[in-house]
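Trainee: I would like the entire structure built from these sequences, with the hints used as guidance.
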Amino acid sequence: MKNRKKSLVSVLTLSAALLISGCNGTDTKTNSDTGGAKGEKGELEDKIVVYSPHGKDILSKFEKQFEDKYGIDVEWLDMGSQEILDRVRSEKSNPQADVWWGAPSTNFNQAKDDGLLAAYKPSYSDNLDEGFRDPEWYWTGTSQTPEVIMYNSKELSKDEVPKDWDELLDPKWKDEIIIRYPLASGTMRTIFSAMIYRTYKDTNDPKEGYDWLKKLDQNTKEYSANPEMMYNKVAKGEGSLSVWAMPDVVMLKENKNYPFEFVIPKSGTPVLTEGIAIVEGAKHPKAAEAFYEFVNTPEAAKTLAEEFYRIPTRSDVKGLPEWITETEIKAMDIDWNAFEEKGDEWMKYWDENIKSGDKEIKE
Amino acid sequence: MIKNRDTRLTVWLLLPVALVLVAYVLYPSLRTFIESLQKDGMISLGNYQDFFVQESKTNLEALWNSVYISLLSVLVSALIGIPLAFIFNRYDFPGRSFFSSAAILPIVLPSLVGVMAFMFLYGESGLVPNAIKDLFGLDKVPFKIGGVSGILIVHAYTMYVYFYMTVSAAINKIDPSLEEAAYNLGANKFKVFWKVTFPLLTPAIVAASLLVFMISMASFSAPFFLAGGYRVLSLQIYFSKINGDMEIAATQSVILSIVSISFLLFMRWYQNRKDYRMASKGIGAHRSEVKNPFMKWVMVVTGIIGVIILLLPHFTILLLSLVPDGTWTFQTYPTVFNVENYRLLFEDPNIFKPLRNSLLMAVIATLANLVFGVIASYVLVKRKFVGKSLVDILVMIPWALPATVIGMNLIFAFNEPSVFSFGQILVGTFWILPLAYFIRHIPLVVRSTNAVLEQLDDSIEEAARNLGAKWFYTFRRVIFPIIMPGVLSGTLLAFIESVGNSRPRSCCTRFQTGPYPLKS
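If you're matching them up, the sequences are chains A and B in order. Just so we're aligned, residue 1 is where the first sequence starts under our numbering, counting upward by one. Just so we're aligned, residue 1001 is where the second sequence starts under our numbering, counting upward by one.
Some hints here could point you the wrong way.
Okay, derived cross-link-like pairs now, BS3-like style, lysine-lysine, Cα gap no bigger than 25 Å in a straight line [to be verified]:
| # | chain 1 | residue 1 | chain 2 | residue 2 |
| --- | --- | --- | --- | --- |
| 1 | A | K214 | A | K64 |
| 2 | B | K1140 | A | K207 |
| 3 | A | K174 | B | K1144 |
| 4 | B | K1057 | A | K214 |
| 5 | A | K158 | A | K253 |
| 6 | A | K215 | A | K163 |
| 7 | B | K1057 | A | K215 |
| 8 | B | K1039 | A | K112 |
| 9 | A | K207 | A | K342 |
| 10 | A | K121 | A | K69 |
| 11 | A | K154 | B | K1057 |
| 12 | B | K1039 | A | K342 |
| 13 | A | K92 | B | K1039 |
| 14 | A | K342 | B | K1144 |
| 15 | B | K1057 | A | K172 |
| 16 | B | K1133 | A | K174 |
| 17 | B | K1144 | A | K172 |
| 18 | A | K214 | A | K266 |
| 19 | A | K154 | B | K1133 |
| 20 | B | K1140 | A | K154 |
| 21 | A | K256 | A | K302 |
| 22 | B | K1057 | B | K1039 |
| 23 | A | K348 | B | K1057 |
FYI, nobody ran anything at the bench for these hints, they're computed from the structure.
Mentor: The following block contains the structure:
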């Protein structure tokens, strides 16, 4: 707390000085760098900036634990994973983030191709399966996220809910489906891309997938601007169905009293690997590595599994809760490279040609 | 000798103003324009061609939607704001002054927060429709807002204030003798209004239309949150950027800017066709008291209902802030109220930090606005130099550009070191946001200061100078105190907008300030 006060004072004086000299653009780097014993005998810097879509609850918990253990000030920013990619890209010549924690592996691959990430091989690398990491260690997997069909358990009973993706297209669900606006959302992009990929992998033509999405669009009542609004609308019964990431659904149900349940689609579902990476040119590289390790210890993985419903990628985590060991998830067989390569194009096509223009207008 | 010194003073004052405008208004806009010309690594107009001949016509559709929503917003806001201004400034009835100040309240609601309040109030699961439904035992909610009409309602609610304020000011300046003269010459009420009063209000109406049109063009929260991503240009820019198509985003920004600037030029032309100055200064408007007791009470009751409707969104925000996390999920009405959120706010530095940051940024930006605005306005109004109208246009450009575009411009201009940022990279640092706010609000302070400065008689300044006062002393002791009200009102507006505005920040900095960061 004392430290914070000090930095506030210094920011204030700095700004006052700047105003007097009439200059607007100066450097805050001096501000953040002064205390950081950069590169000296591997000492940790006194601050770290994390970009993450994991939400306030997870982030503040790990912030506190990390600060208690290392005395390093953690500053986090909570955004959609696609938005993180966009921001890290904008900040390429002056990176602000040190660690990027959480996003589908496709996002990390794009970032790697744009030269935005720094390679780092973590100490637990032996406990990660081949599929859960970048071959050159630009990112590694932290958790697995199966995508599911979620429903309002007050409106629908377990028996009548669609059991598979294709059942969502049944006309009886017209105006019952609420979907998070997919462009800014890694989760939704994955689901939509997976729907296209199901046929694309055989035909090499996204057309059938587009048709599928068009039918889904016809049943969709509304596209919500952010997840909170989607939850709100489904919870209050404006619609009763959505597609979303399983850990989030379980967390809302268990921790926040939402009347949500989920169905794992019969024919298989995309299981995302969520990852973590260090940003290229990070200003606090040592602290970043410490944080990277810290949120991936078996204990951290267990906390994440028990309290936040994340399924770990590490193979050596013991004593996982039942819902992980009991639930059977049939993973869709996916070539993530195709997603990465075609994803933007598919989503652009969706935005321009499939998202129905009259959806919002009808009253 | 004196003339020489005067010229030198003009140059010294003009130089910093011009420098700031070139560095932070002109240069970033040019960078965006250059970006939009890049296609496949070559300089061409290809992106513009794509914009117009694109197969799915989505860009054209977005452009058209933006323009027509903006025009409708102007119309609806005018239809609410102008009559209100007349009622409150021409008639007297109990509670008038209270109602007239309550009418300004929507402006303190930041756009995103306002949209959220409207959704919680009038959306499908909103409080008002559901209360009516339960009260009358209906099967379905009787109404809900959304879509184009929803956008228009929100725009009208937040933007009629611009009409109300500018027209009120103008009405009070109208010399009543003009209207009386017309009556004496035998004109009826209607004719007097159309031929005398209304023309005199033209500058005010033009100014308000301009403000509303531009804000609507740039509007982001209403179409995104309320209308499920209704296709408008400001959203298209955001989506293109998030999908990684920087060149396309730049092209869309340039086209949006062209539309806004054309509207600005059109309005200027329209206003300059005639001369609206009055020979005599206004002598304070007189209000006629409403005598008819029935009419009087009708007005009071309507006023009270109006104030309640105006304040409902503010109350909703207050209400939402009292509902703890996780207790209002499927329930129609919230059931638990306490001050838990406030306790968390003050305890948890992570919730408190954004608030502190946005206040600090607003203070810095507003101070810069104040200093720059006063100097720029003084130079523009009281000094003579070549190229004045160019400076004038540069000052107005930040209004003509939506915040989204200003954000884009700043990214293109300052994500590499440049002379204007003193060799630093600004994108991603603390300073990019105050800079964005500063640029955005230049016109606000300059315009409101201009208005008072124009009324200031030059002879006052001359008298002080003749008595031996130095220029700076004159400025500090004579001019500044007189123009204070105008300066303050502009500065205050700039400050409120800086604190409340959520848009430019989303693009460029990690200093978290928004109440609702978008997540995936």
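Trainee: With reference to the structure, classify each hint as holding or not holding.
Mentor: Quick rundown of the hints versus the structure:
Note on K214/A and K64/A: the hinted pairing is violated, with a Cα-Cα distance of about 45 Å set against a maximum of 25 Å. Of the supplied pair hints, the one linking K1140/B and K207/A is violated, its CA atoms being roughly 39 Å apart against a limit of 25 Å. Among the hinted pairs, K174/A with K1144/B is consistent with the structure: their alpha-carbon atoms are about 19 Å apart, no more than 25 Å. At roughly 18 Å between alpha-carbon atoms, K1057/B and K214/A fall within 25 Å of each other, so this suggested pair holds.
Taken as a hint, the K158/A and K253/A pair is honoured in the structure, with Cα atoms around 15 Å apart against an allowance of 25 Å. With a C-alpha separation of about 17 Å, the suggested pairing of K215/A with K163/A holds against the 25 Å cut-off. For the given pair, K1057/B sits about 21 Å from K215/A by alpha-carbon distance, which is consistent with the 25 Å threshold. Using a Cα cut-off of 25 Å, the hinted pair K1039/B and K112/A holds, with the two alpha carbons roughly 23 Å apart.
Distance hint between K207/A and K342/A is fulfilled; the C-alpha atoms sit about 13 Å from each other, no more than 25 Å. Of the supplied pair hints, the one linking K121/A and K69/A holds, its CA atoms being roughly 22 Å apart against a limit of 25 Å. This hinted pair does not check out: K154/A and K1057/B have alpha carbons roughly 42 Å apart, beyond 25 Å. About 20 Å separates the Cα atoms of K1039/B and K342/A, which keeps this hinted pair within 25 Å; it holds.
For the proposed pair K92/A and K1039/B, the alpha carbon gap of about 21 Å is at most 25 Å, so the pair holds. The straight-line distance between the Cα atoms of K342/A and K1144/B is roughly 39 Å, outside the 25 Å bound, and the hint therefore fails. Only pairs whose Cα atoms come within 25 Å are accepted, and K1057/B paired with K172/A is rejected, the gap being roughly 31 Å. For the hint pairing K1133/B with K174/A, the CA-to-CA distance comes to about 23 Å; that is within 25 Å, so the pair holds.
Restraint check for K1144/B and K172/A: the C-alpha separation of about 23 Å stays at or below 25 Å, so the hint holds. For the suggested pair K214/A and K266/A, the alpha carbons sit about 22 Å apart, so the restraint of at most 25 Å is met. Restraint check: the Cα-Cα separation between K154/A and K1133/B comes to about 20 Å, which is no more than 25 Å; the hinted pair holds. Distance restraint check for K1140/B and K154/A: the Cα-Cα separation of roughly 18 Å lies within the 25 Å cut-off, and the hinted pair is therefore satisfied.
Among the hinted pairs, K256/A with K302/A is consistent with the structure: their alpha-carbon atoms are about 20 Å apart, no more than 25 Å. A threshold of 25 Å between alpha carbons decides the hint, and for K1057/B with K1039/B the separation of about 20 Å falls inside it, so the pair holds. The straight-line distance between the Cα atoms of K348/A and K1057/B is roughly 13 Å, inside the 25 Å bound, and the hint therefore holds.
Consistency with the previously given hints fails for numbers 1, 2, 11, 14, 15, ordered from lowest to highest.
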